[in-house]
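Chains as they are written, first to last, in this note's numbering: chain A, 211 to 463; chain B, 211 to 463.
Quick caveat, the hints were computed from the structure, so don't treat them as lab data.
Keep in mind that a hint or two might mislead.
It does not matter which identical chain is used: a pair holds within one copy or between any two.
With a Cα cut of at most 25 Å, we get these calculated DSS-like pairs of lysine-lysine [said to hold, decoys possible]:
id, residue 1, residue 2
1, Lys245, Lys355
2, Lys309, Lys261
3, Lys367, Lys450
4, Lys414, Lys329
5, Lys266, Lys434
6, Lys292, Lys448
7, Lys309, Lys257
8, Lys434, Lys309
9, Lys434, Lys367
10, Lys329, Lys398
11, Lys329, Lys232
12, Lys398, Lys328
Residue strings, one per chain:
There are 2 protein chains.
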Amino acid sequence: MKISIIGAGNVGWHLANRLFEKGHDIDTVYSRNIKNAIALAARVRTKAIDKLEEIKTDSDLYIFAISDNALAEVAEQLPELKNNLVVHTSGATPSSVFKDHFSRYGVFYPLQTFTKEKKVDFDALPLCLYCNNNADFITIKHIGKSICHNIYEVDDKQRSLLHVAAVFVNNFTNYLYTIGEDILQNEKIDFNILKPLILETAQKIQAHPPAQMQTGPAIRRDSKTIQQHLELLEDNPKYKEIYQMMTQQILAL
Amino acid sequence: MKISIIGAGNVGWHLANRLFEKGHDIDTVYSRNIKNAIALAARVRTKAIDKLEEIKTDSDLYIFAISDNALAEVAEQLPELKNNLVVHTSGATPSSVFKDHFSRYGVFYPLQTFTKEKKVDFDALPLCLYCNNNADFITIKHIGKSICHNIYEVDDKQRSLLHVAAVFVNNFTNYLYTIGEDILQNEKIDFNILKPLILETAQKIQAHPPAQMQTGPAIRRDSKTIQQHLELLEDNPKYKEIYQMMTQQILAL
Chain A
211 MKISIIGAGN VGWHLANRLF EKGHDIDTVY SRNIKNAIAL AARVRTKAID
261 KLEEIKTDSD LYIFAISDNA LAEVAEQLPE LKNNLVVHTS GATPSSVFKD
311 HFSRYGVFYP LQTFTKEKKV DFDALPLCLY CNNNADFITI KHIGKSICHN
361 IYEVDDKQRS LLHVAAVFVN NFTNYLYTIG EDILQNEKID FNILKPLILE
411 TAQKIQAHPP AQMQTGPAIR RDSKTIQQHL ELLEDNPKYK EIYQMMTQQI
461 LAL
Chain B
211 MKISIIGAGN VGWHLANRLF EKGHDIDTVY SRNIKNAIAL AARVRTKAID
261 KLEEIKTDSD LYIFAISDNA LAEVAEQLPE LKNNLVVHTS GATPSSVFKD
311 HFSRYGVFYP LQTFTKEKKV DFDALPLCLY CNNNADFITI KHIGKSICHN
361 IYEVDDKQRS LLHVAAVFVN NFTNYLYTIG EDILQNEKID FNILKPLILE
411 TAQKIQAHPP AQMQTGPAIR RDSKTIQQHL ELLEDNPKYK EIYQMMTQQI
461 LAL
């Protein structure tokens with residue numbers, strides 16, 4: 211398969227490298243920042259461009275790995291791809307962002323948090339696919355299977371809910387970790403002490419439903435400990451607010 | 211070392227087994243529920259009792275692995291241990307709960323979430339120790355080192371903060387996982403899709419400070435996506451409330 215990559219950020223970077231490793235032919239790498247395009251193109255042995263008008267029209271698939279806000283704007287500047295197969299990698303944007311610009315479009319959404327420096331475990335990664343027509347869905351499913359084990363067909367509505375759920379379990383969870391670190395730092399306690407607990411919490415729910423794994427003073431209705439904790443958080447109204455809201459909701463389970 | 215275990219719940223169960231495996235002599239297992247005491251005693255080849263007055267007074271260490279609320283009450287019923295070394299395993303209760311009952315006391319707090327069915331990785335587990343006198347601290351540190359790699363000296367104030375922080379990173383995080391599962395269940399989306407993300411979120415901060423790992427619409431100031439998410443949560447005021455509070459706090463970082 212000949213694949214063009216539009217965007218050389220975290221997602222574009224990891225996807226292009228993985229596709230290349232698995233034997234796909236990366237046609238072009240576009241980035242508005244030519245340095246990023248060159249760095250990625252060198253890895254996947256292809257040409258780097260920073261002008262949309264230089265994109266070739268004979269790729270089998272165009273993957274838009276750019277920010278949600280830029281999707282419509284970039285699509286508008288590529289009328290020559292009207293009849294090509296085009297997908298984006300966003301969890302938050304419906305496939306219909308492409309409706310007025312392309313006839314064959316879909317979504318190629320790897321549900322994972324990407325960091326450029328850290329290797330992505332594609333084998334464990336869930337790839338959420340959607341296409342506006344069956345024939346092309348088979349194509350992107352075929353490409354998806356060549357780089358990932360876990361393929362899911364997910365429509366726009368489902369993907370938007372997955373994205374919200376991901377914000378809870380990833381972004382908000384990371385913020386709770388930040389609070390944990392901050393509480394300890396103020397007393398010069400080593401954050402490393404909490405790391406095994408953080409890992410075990412995530413590992414437990416790989417095999418058990420989280421609702422059954424709930425522990426702590428709230429689910430035990432241990433009002434004495436809750437009261438002590440609220441007193442300890444007295445000087446930090448933000449954390450106290452989260453503590454109270456979470457505790458109330460767990461008490462109501 | 212001869213060690214008596216008071217309490218055969220999750221913590222008592224795992225601690226007794228680990229101490230026994232590492233060659234310690236478990237003197238007695240007490241539980242007010244004799245069945246629990248017998249089950250654990252059989253594993254660690256000792257006697258099970260359910261009457262406090264049957265506890266022998268010649269153990270080198272007594273580990274109280276019972277609920278926070280029961281600590282003072284049980285201590286009061288054991289005047290014969292006045293001059294023995296006694297520790298509890300609680301994160302929430304200060305060591306001073308023993309002050310009026312024993313002359314040599316401390317804390318032996320394994321900072322981990324325990325489930326009876328799941329094997330505990332003692333090698334990775336942080337053990338937080340405290341003692342009201344130096345000689346006995348050396349003893350419990352010696353015992354701690356025989357079962358764990360990561361030993362920390364943590365006083366009552368520090369341990370209370372560790373316990374609050376653990377509630378954020380463990381109990382509240384697990385509740386966020388529950389929310390994620392619930393959001394998906396309503397649309398019949400497989401919760402398995404989120405599991406690799408949950409694991410990666412916890413793994414990332416093993417090597418990087420969580421404050422530097424924050425991603426998502428709030429930290430990107432992506433108000434369009436935040437707005438979409440709030441609309442998706444319209445029918446669930448509880449989750450919406452958490453979304454708004456977390457988002458506001460991340461926006462203020």
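Do the hints match the structure? See the list:
For a Cα distance limit of 25 Å, the shortest separation of lysine 245 from lysine 355 qualifies neither inside one copy, at 31 Å, nor across copies, at 52 Å. Taking the closest pair of Cα atoms, lysine 309 and lysine 261 come within 25 Å of each other only inside a single copy of the chain (23 Å); across copies the shortest separation is 75 Å, beyond that limit. For the homomeric pair lysine 367 and lysine 450, the shortest alpha-carbon distance between copies (18 Å) is at most 25 Å, but the shortest distance inside one copy (35 Å) is not. Taking the shortest Cα distances, lysine 414 and lysine 329 sit within 25 Å of each other both inside one copy (23 Å) and across copies (11 Å).
For the identical chains of this complex, lysine 266 and lysine 434 are neighbours neither inside a copy (67 Å) nor across copies (32 Å), given an alpha-carbon limit of 25 Å. In this assembly of identical chains, the alpha carbons of lysine 292 and lysine 448 never lie at most 25 Å apart, being 50 Å within a copy and 44 Å across copies at closest. For a Cα distance limit of 25 Å, the shortest separation of lysine 309 from lysine 257 qualifies neither inside one copy, at 28 Å, nor across copies, at 74 Å. For the homomeric pair lysine 434 and lysine 309, the shortest alpha-carbon distance between copies (19 Å) is at most 25 Å, but the shortest distance inside one copy (57 Å) is not.
Taking the shortest alpha-carbon separations for lysine 434 and lysine 367, only the inter-copy value of 17 Å comes in at or below 25 Å, while the best intra-copy value is 43 Å. Taking CA atoms no more than 25 Å apart as the test, lysine 329 paired with lysine 398 passes in neither setting, with 32 Å inside one copy and 31 Å between copies. When the C-alpha separation of lysine 329 and lysine 232 is checked against a cutoff of 25 Å, the pair qualifies only within one copy, where the shortest distance is 15 Å, while the shortest distance between copies is 38 Å. Taking CA atoms no more than 25 Å apart as the test, lysine 398 paired with lysine 328 passes in neither setting, with 28 Å inside one copy and 32 Å between copies.
Consistency note: the structure conflicts with the earlier hints numbered 1, 5, 6, 7, 10 and 12.
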